[in-house]
Amino acid sequence: MQVHLATDHRGFELKEVLKRSIEELGSTVIDHGNTEYDATDDYPDFASTAVRAVVAEGGDARGIVLCGSGVGVSVVANKIRGARCVLGFDAEQVEHARQSDDCTILALPADYLSESTALELVRIFLETQYDGDESDRRRLQKVSALEK
55 MQVHLATDHR GFELKEVLKR SIEELGSTVI DHGNTEYDAT DDYPDFASTA VRAVVAEGGD
115 ARGIVLCGSG VGVSVVANKI RGARCVLGFD AEQVEHARQS DDCTILALPA DYLSESTALE
175 LVRIFLETQY DGDESDRRRL QKVSALEK
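Following the numbering used here, the numbering of the sequence shown begins with 55 at its first residue and continues without gaps.
Keep in mind the hints are simulated off the structure, nothing from the lab.
Check the hints yourself; a few may be wrong.
[To be verified] Once the Cα atoms are required to be at most 30 Å apart in a straight line, the calculated DSS-like pairs of lysine-lysine come out as:
1) Lys133 with Lys196
2) Lys73 with Lys133
3) Lys202 with Lys133
Please take these sequences and the hints and turn them into a complete structure.
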């Protein structure tokens, strides 16, 4: 599985930790930046690139985007046609987002998560499969129809 990562300065340190952990889990990491700490950078520049890559790749590609609150990058992600992003804050919630909503992008609030919680959410996000039951598929079709 390829995992596309992106962050601004507020999530930079956490992104570097997550990158190593994701590679240890056996996934390939594509780092869309920022690749160096820059206190003046802007999250839309990096998040949009990572999310577009996930949508274009399809299949089992996943994206993880970070900013201070997680809200900005989740808004960016959900503006891109074909993306489904969850703002992750709880293990059960992230698992549900994968199983029922087939979210392929995880937004993390770097200012509000401990490193251990972030690592747990990422592991769950990468290991959980979409179960695709009938009601979930029907709802996702309705969501996709809104993009047209």
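Hint check:
1. The hinted pair formed by Lys133 and Lys196 meets the criterion: a straight-line CA distance of about 16 Å does not exceed 30 Å.
2. Restraint check: the Cα-Cα separation between Lys73 and Lys133 comes to about 25 Å, which is no more than 30 Å; the hinted pair holds.
3. Between Lys202 and Lys133, the direct Cα distance comes to roughly 13 Å. Compliance with the 30 Å bound is thereby established for this hinted pair.
Of the hints listed earlier, there is not a single one the structure fails to meet.
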